[in-house]
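Construct the complete structure from the given sequences, taking the supplied hints into account.
Residue numbers (this note's numbering), protein chains in the order written: chain A, 18 to 133; chain B, 303 to 417.
Just so you know, the hints here were simulated from the structure itself, not pulled from any lab data. Ideal Cβ positions, reconstructed from N, Cα and C, are used throughout, including at glycine. Do not rely on the hints blindly, as some may be mistaken.
Stated by the list, open to error - Example chain B residues on the side facing chain A (calculated, C-beta under 8 Å, incomplete):
| no. | residue |
| --- | --- |
| 1 | THR329 |
| 2 | PHE337 |
| 3 | GLU346 |
| 4 | PHE349 |
| 5 | PHE393 |
| 6 | ILE406 |
| 7 | PHE407 |
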Amino acid sequence: EAQVTQNPRYLITVTGKKLTVTCSQNMNHEYMSWYRQDPGLGLRQIYYSMNVEVTDKGDVPEGYKVSRKEKRNFPLILESPSPNQTSLYFCASSPLAGRATGDTQYFGPGTRLTVL
Amino acid sequence: AQKITQTQPGMFVQEKEAVTLDCTYDTSDPSYGLFWYKQPSSGEMIFLIYQGSYDQQNATEGRYSLNFQKARKSANLVISASQLGDSAMYFCAMRDLRGGFKTIFGAGTRLFVKA
Numbered sequence: 018e019a020q021v022t023q024n025p026r027y028l029i030t031v032t033g034k035k036l037t038v039t040c041s042q043n044m045n046h047e048y049m050s051w052y053r054q055d056p057g058l059g060l061r062q063i064y065y066s067m068n069v070e071v072t073d074k075g076d077v078p079e080g081y082k083v084s085r086k087e088k089r090n091f092p093l094i095l096e097s098p099s100p101n102q103t104s105l106y107f108c109a110s111s112p113l114a115g116r117a118t119g120d121t122q123y124f125g126p127g128t129r130l131t132v133l
Numbered sequence: 303a304q305k306i307t308q309t310q311p312g313m314f315v316q317e318k319e320a321v322t323l324d325c326t327y328d329t330s331d332p333s334y335g336l337f338w339y340k341q342p343s344s345g346e347m348i349f350l351i352y353q354g355s356y357d358q359q360n361a362t363e364g365r366y367s368l369n370f371q372k373a374r375k376s377a378n379l380v381i382s383a384s385q386l387g388d389s390a391m392y393f394c395a396m397r398d399l400r401g402g403f404k405t406i407f408g409a410g411t412r413l414f415v416k417a
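Here you go:
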C-alpha cells in the first residue's frame, strides 16, 4: 500500500530534550516536506526537500532541522524543543515528474507533539 | 509574497444543498497550482481537487468543482449535494510549480452539514 508513515503519532516531552520525528514514504517520491498545523493558521511549511541531500527552508524553519540521506526518509529534528513548538506535524511527499501538472502531496497521518 | 486567504472560519449548510467555500490567493508567479484538501475530525489530510494556473477549464471531481477566476485570483470550492460526511475542515493551498515547489495553505474553513 502506498503510504507516508510518521512516528511517533503522539509525543509529550519537556523543554530542551532533543527529539526526532521520523517520516518514511514507499512511493519513490523525490519531494518531501514537513508542515506544522496550528489553529487559525492552517498548515505552514517548515522544510522541504526536492531530492537526496537537497533541502530548503519553508516559512517557519526556526528551531527545526531536517536531513535527507535516503530518498524514502525525511526526519524532522528538534534539537531543543520549546513550548511554542507544540503543534500537529505533517510529513508529505509527492513526485516531481508531475510538477507541470501539479501532482498532489500525499500526507502522513500526523504527529501531535506537546512540549511542556 | 505569496498568500492564501480563506475568509470563512466556519459555515453551515443543509444536507443535500450546495455550498461554496471561498479562497483567494496572491502570487506574482505565472505557474502555480491550486489544491483543496479535506481534514475530517480524525485528522488526516485528504486531497479533493486540483487546478493549474494554465488550465482553461474549471476542475471537477465528482461532487467537487473548483470555480477558478484567474483575474480575480480566486479558487472557490463548490460542493454539490452536501452529505453529513462532508462536515470537516477544508484547506485551500497554492504550490509554486516552477521554482522550489513551495506550498502555502490558507487558515481553513470548518464546514458543518446539518441533517
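Do the hints match the structure? See the list:
A distance limit of 8 Å between C-beta atoms decides the matter here; for B:THR329 the minimum to chain A is near 14 Å, and the interface restraint is violated. Using the Cβ-Cβ criterion of 8 Å, the hint placing B:PHE337 at the interface with chain A is satisfied: the shortest such distance is roughly 6 Å. Given hint, B:GLU346 at the interface with chain A, holds; its Cβ is 6 Å from that chain's nearest Cβ, closer than 8 Å. Look at B:PHE349: its Cβ gets to within about 4 Å of chain A, closer than 8 Å, so that hint holds up.
Below 8 Å, beta-carbon pairs count as interface contacts, and B:PHE393 has one with chain A at about 6 Å; its hint therefore holds. Below 8 Å, beta-carbon pairs count as interface contacts, and B:ILE406 has one with chain A at about 7 Å; its hint therefore holds. Proximity of B:PHE407 to chain A holds as hinted, the smallest CB-CB distance being about 4 Å (cut-off 8 Å).
Hint 1 from the earlier list is the only one contradicted by this structure; the remaining hints agree with it.
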